[in-house]
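First to last, the sequence lines map onto chains A and B.
Plus 309 on top of the position in the first sequence (first one is 1) and you've got my numbering.
Plus 2 on top of the position in the second sequence (first one is 1) and you've got my numbering.
Hints listed in this document are in silico derivations from the structure and should not be mistaken for laboratory results.
From the three backbone atoms N, C-alpha and C, an ideal C-beta is built for every residue, glycine too.
Some hints could be false.
Said to hold, decoys possible - Computed spacing ranges between beta-carbons, pair by pair:
id, chain 1, residue 1, chain 2, residue 2, range
1, A, H446, B, V52, 50 to 56 Å
2, A, S449, B, T315, 20 to 26 Å
3, B, F345, A, D516, 39 to 45 Å
4, A, P366, B, T315, 58 to 64 Å
5, A, G383, B, W386, 47 to 53 Å
6, A, Y325, B, L518, 45 to 51 Å
Each chain, letter by letter, is given below.
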Amino acid sequence: MTTTTPLKLNNVSVGYQGTPVLENVDLSLKQGEIASLLGPSGCGKSSLLRAIAGFEPVMQGSISINHHQVAAKGFSLPPEQRKTGMVFQDFALFPHLNVRDNIGFGLSKASRKEKKNRTDQLLDLIGLKSIQSNYPHQLSGGQQQRVALARAMAPRPDILLLDEPFSSMDTDMRTQLAHEVGDMLRQDGMTAILVTHDQHEAYAMADHIGVIGEGRLHQWGKPYDLYHRPADRFVADFIGEGVFIPGELIRTDQIQTELGMVKGKVSSAIKSIGRVELLLRPDDIIHDDNSKLKAEIIAKDFRGPVYIYTLRLQSQQKILCLVQSHHDHKVGENLGIRLDAEHLAVFPRM
Amino acid sequence: MILALLLALPVIVVSAHVFLPADDIWQHLTETVLADYISQSLWLSLGVAVGTLVLGVSAAWLTSMCQFPGRGVFEWALLLPMAMPAYIIAYTYTGLLDFAGPVQTLLREWMGWGYGDYWFPPIRSLGGAIVMLTLVLYPYVYLLSRAAFLNQSLCVLDVSRTLGNTPSQTFFRVALPLARPAIIAGLSLALMETLADYGTVSYFGISTFTTGIFRTWFGMGSAAAAAQLAALLMVFVLVLIVMEKLSRRQAQYHHTSRHHQQLKRFQLSTSKAWLAFAFCLTVLLASFVIPAAQLLQWTLLVADSVIDDAFMTLVYNSLKLASLTALLALFLALLLSYGKRLFGGALVRFAVRLASMGYAIPGAVIAVGVMIPFAWLDNSIDSWSRTNLDFSTGLLLSGTLVAVIFAYLVRFLAVAIQTVESGLGQVRLSMDEAARSLGHSPLAVLRKIHMPMLRGSLLTALLLVFVDVLKELPATLILRPFNFNTLAVKTFELASDERLAEAAPTALAIVATGLLPVIILSIAITRSRQLDSDKA
Chain A
310 MTTTTPLKLN NVSVGYQGTP VLENVDLSLK QGEIASLLGP SGCGKSSLLR AIAGFEPVMQ
370 GSISINHHQV AAKGFSLPPE QRKTGMVFQD FALFPHLNVR DNIGFGLSKA SRKEKKNRTD
430 QLLDLIGLKS IQSNYPHQLS GGQQQRVALA RAMAPRPDIL LLDEPFSSMD TDMRTQLAHE
490 VGDMLRQDGM TAILVTHDQH EAYAMADHIG VIGEGRLHQW GKPYDLYHRP ADRFVADFIG
550 EGVFIPGELI RTDQIQTELG MVKGKVSSAI KSIGRVELLL RPDDIIHDDN SKLKAEIIAK
610 DFRGPVYIYT LRLQSQQKIL CLVQSHHDHK VGENLGIRLD AEHLAVFPRM
Chain B
3 MILALLLALP VIVVSAHVFL PADDIWQHLT ETVLADYISQ SLWLSLGVAV GTLVLGVSAA
63 WLTSMCQFPG RGVFEWALLL PMAMPAYIIA YTYTGLLDFA GPVQTLLREW MGWGYGDYWF
123 PPIRSLGGAI VMLTLVLYPY VYLLSRAAFL NQSLCVLDVS RTLGNTPSQT FFRVALPLAR
183 PAIIAGLSLA LMETLADYGT VSYFGISTFT TGIFRTWFGM GSAAAAAQLA ALLMVFVLVL
243 IVMEKLSRRQ AQYHHTSRHH QQLKRFQLST SKAWLAFAFC LTVLLASFVI PAAQLLQWTL
303 LVADSVIDDA FMTLVYNSLK LASLTALLAL FLALLLSYGK RLFGGALVRF AVRLASMGYA
363 IPGAVIAVGV MIPFAWLDNS IDSWSRTNLD FSTGLLLSGT LVAVIFAYLV RFLAVAIQTV
423 ESGLGQVRLS MDEAARSLGH SPLAVLRKIH MPMLRGSLLT ALLLVFVDVL KELPATLILR
483 PFNFNTLAVK TFELASDERL AEAAPTALAI VATGLLPVII LSIAITRSRQ LDSDKA
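In isolation and in its complexed conformation, chain B is listed as follows (with noise of 0.2 Å):
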């Protein structure tokens, strides 16, 4: 209960300093940034909740009902960009679209057009975040849809085919309805990653909550008005977390069919098939292969002289912040998750909530939740030490890693204590008894069944964070002590600085281990089709 408690002190902060006098710089920013902020906010979620709506469901629906060429590999390619931030994204096409990138030179030199002569779409607009962040989101709103749609009983689309309705008019009538529950889950999911994103915001020059929080903290200097805007972000990210969870009770109910048939995917017609390839070959292009493709040019460009020492201080920094952050996570996650099925009190179980809550709520609100109560416990320390024995202890806690690794764990425990909580679900309570009668002792159940059956996902919950930990950005920049480097920072500062290039070592060091959690993912999707298909 303390540690959720400790966990949930971010939140509990910035929330509480809604009720602080405001100063007068909340005062100035209501006057002239404010509506800003609140409507580039409110836009770029509309934007990002159509766009991967869009992309999310008719990708799904395709891979998942459709038979097409390419299929197979699409079903599980379509999830790779999960492993690509938004900011990597971002910034990579900014150099491939940019006036002076290869895509407007081309333009220029095949059309002799000069400056100025011709309109391309800027992509360092708020439109270009709607799209970069629809590229590297659309994939939640995929996986969700795409498992509700597998999981529909195929009577009921029968069903629907027999009373006189086209397959389209099945999609729109039964189908999708039906999934609405997973596909809402999905773009909540989005919409938090949205608003919580900084980099592609930052970088794009768009004001944002994340880049107000940022501006005011570093800009203005106030902590106080930094937090409300933290607060005012929360509530907006609380109406998502409400949305998502009222979603998934639903989903609960719709999902009654347990036994699915082998799906009998529609036959597309030959020119429709070739369509729907096309469709998700353009989507998978455009949110990996070519901003990945990009990358590696630009790294084996710069290979020699960026891959130094200090590149190898950051894999080093950052490798040592995500393994630390991982293995902490994990073991508190063990702590909670068995603290849950041993004693299984409302109290427990309200802690293990209290202490998920972190995941939903964005990098920067929970850098500065962190910041204002170490920054001063810190104070204090130092005050009584240097009264009582006359020497300043300086900073203990804020500007060290101990306030970073504190936010990752506020921030991605929900993580680690999912995982681990399904795992733990697996070994059903008749199992620990079946062990038990059979004459092994509560210790020995734990090493020869919980164990052995929860390895896989006591290393998928470490990867996870770890992965998670590795390309966090906006709360690293806020709480990392001074000249203290990770990849992800290291990346967003030289593309700041337009050094795009020199940029895409890091980035590519942060997408490949980002793609191992997304491999994982698939190979689990397909062992869990294939443990279905085994037992019919």
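So here's chain A without its partners, still in its complex pose (with noise of 0.2 Å):
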């Protein structure tokens, strides 16, 4: 079999009422690939999501699904044709059904010897065999999820969909699920797409991710280029942390800033020399005693293995510095840094 392509977006646009929240978005997933679609809330991700499921129209554009069309601008296939499975955020599950039925809910149409065995699996994946008879509200909101889960999975759809399904959750505990839910959908094959406002979920379960927002899918990428590679501002902004500091492109390859001049490879989006500014995550800014380039620490951030000091240049320049937790500096001491960049984020000044 040739390589499939279980989702494809053309062109597509989203919104309510006619005013449309989300357009032109055109992303496409390979069998078992796993993304997601961050952005702030009401940026229309969930929206495009819903329109993939096929509950909401499009407004432009196409979907396909395993290369069907299922929606275009004037027709949408009803859901329940479309072989997408969807986990929702308040997780919808049957109160009237047990563990077993609500999994086994979308297997109607297999027969009996096939739905048993599928839900079996489903069960030991999601290892709650042993509570397979107990009703929703019996079961604590993890085990609600991983039953929502694989009631979505059973009948093997085409795509997964997910719609903040860790929204309900403890923070702490999010990134882990996620890892889990991750994990899952590979074990059972899944092409599945989570919807987030939380990067570290995304990261934590995502081969691609789409960064959403202003209306329009911004980036579409693996997390690391996301990070050290964001292909415009409300990237930079959105994922990871990071200050902007002014500089100035003195040629393709070199910009002067305040902590010195900074040479790497320079985004092909900037063409001119002149001002820039340049992202500068904690982790470019490195703390050696030794180096003449001094900053006060204004501010502290533990994080357990690291500490994140918040620094004041001369210029009153605010950045960030990732150190080792073990060096433990006071608020007002001055601090000797360098700047190792190795990728240069570099946008037009405004």
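Using the hints, put the two standalone chains together into the complex.
As structure tokens, then:
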């Protein structure tokens, strides 16, 4: 079998009551790929997901699932005919059915034996076989979530859609759960899209991430690229921590900044020599006691293995610096620093 | 929309009559009895308000926040009086406490008194009516304020204690103000019932709006004047509706805390605990046990002579009316609720609101509002067919069961709508979507998700309407076809004729059926508490 494309979005726009909230989205997923749509709340990422599932129409463009067009302007295949699975924010487990029957709900067309096998397989996968006859209200939040996941996976949909599935969980559990869910999906060979506003969830689960905001898809790429090679200021701002410092582009690979000359490959978007802004991640600034360059510590944020120090340069410009946490300096001290930027994310100065 | 308008017709008709030219009967009314109607209705409402507040709130506080012997039983048993229609408790107590009743007879025997030697509170008085209505209506206040106390975050009460308030200060300064919206909502419901009551006030010979409407209708034969009285009564009710709506809206803001821990009830000292026990026991005895026991005794006394074919006809009539109305109400409620869920426009929502208005409107008012347009329609049809077809159709609608059932629907559809809607609310939209994305067509979703999840609410809706219809008195009295009797009507007629014992079997039948929804209610309450603790 040649490579299939379980999902393809072609110039899709979605919106409410005639007003588009998200426009011109192009993306496609390969078999077994797990992607994430990441963006602030209200950016339209959930609408896009619901359009893929068939609960909302597209205003423009077309959606294909497994090479069959399921939605276009003025056309929408009913959700039950699309072969998508969906995990909802509130899980939407059926309260009148037990765990086993919830999972088997979408297998009504399968033979009895197939249904039993698939349900058993999923119960094993989510590790809830021992409580298969419990009812949803008897389950913890995490268990409910696994059941919702298994229920959506049961009919082997062409694509699985997850709409903020971790938002009702404790914050410290989300990343771990996202990892677990990602592993389960991969074990079952599922192609999936996760919608979330939490980048850590997205990193934990997805191979590819699409950053959405201000009504469009800004960048589609691997987490590493989003962090180190953001396509625009929105992505640079939204992903990870960092500050923009002013600089002067003097050659195509050299920028003069307050921290000295920075060399590296500048993204092709910047053509002209002149005033720019350079994105500095906390790990671009390295603590070096021998450095002549000093900056005053004005705040520190303990993260366990590392500190993130907020430093003030002479020009009052603030920067972030990531330091091993055994280097414990006081607020008000001067810290010797050195610039070590491997990737240059440069934007025109505003 | 048309359906909703149709159901709002009685209210509209009655309101419209305010603007019709008043005939001299109205003139006569204002000069003679109107002031009486107003003042008596107001005094009655005031008395019942005070009574239900005292009984309802204190019983609610005791059973929800304090620990004393028998608390668990009282918790649900205090709801039992809801099964007792006011006119039934009224005539039962009359039988007990009148001059010839067992209580006064016993007193006379013990004390050697004769007639006129002593003073005994007259039961057939405004005060008596207040007590009777209070005894059966306090559960509304009890139910809602108890829910409010239970929902109050314990933290708030604890904070009050740490700030130096004693438990009783905490009650008055924190718990009571927090529960106020719920208490007012319960009170409004109790007062709506008070204003709607006809049986009790008529039996006790008190001139209120409802008795006035009956007298004007039957005695003076003036539909217009009766409608105008009804309209005036509706103004009072409207005030209550607004009061209830406002306080409910506030209540939403008040109960913000979602996780309430297991309540730690105040451990009362031994003497206080027995005091609480005695209080709850007295309320329960007076409001339910004693009258029910008396009814039972009377029933046993007359069972042989009363329970005959005629009695079975009554039962059959009542069951027929009640089940027919309940089924119709359920059907309409489903129609309206699904209309609202699927199309959800402002128009549909307004239509549902309009259709639910009837519940607050007294039965007598609805009856008048149904009678007038139906009679007009009948007369028009009749005269049309007489001129064109040369034969008289007679009364097609008014004076038939159609009118009675229509009036019931107007009055009780709200009950069905509310129950169905709350059931439908449990089926979250995402569940529909989950089922759709799992390959089920809308019809299959209805069958596999909605029906099993709604079954309980649908049955409850049926049952609630059924029991309400069974108890209904004033509208039935006005609208029933000639010589058509129901259990409620027969009970009332027999009691009015002072054949108290003979009225007991029918009354007992009504109370017994009325117990069903009360039991369901208390089971539902206990279960929801269990669910909470399961999750915790």
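Going through the hints against the structure:
At about 42 Å, the CB distance of H446 of chain A to V52 of chain B disagrees with the hint of 50 to 56 Å. The hinted window of 20 to 26 Å between S449 of chain A and T315 of chain B is violated, with their beta carbons roughly 58 Å apart. With their beta carbons about 42 Å apart, F345 of chain B and D516 of chain A fall inside the hinted range of 39 to 45 Å. Under the hint 58 to 64 Å, the C-beta atoms of P366 of chain A and T315 of chain B, about 60 Å apart, fit the expected range.
A C-beta distance of roughly 51 Å is found between G383 of chain A and W386 of chain B, which places it inside the suggested range of 47 to 53 Å. The supplied range of 45 to 51 Å is met by Y325 of chain A and L518 of chain B, whose beta-carbon atoms lie about 46 Å from each other.
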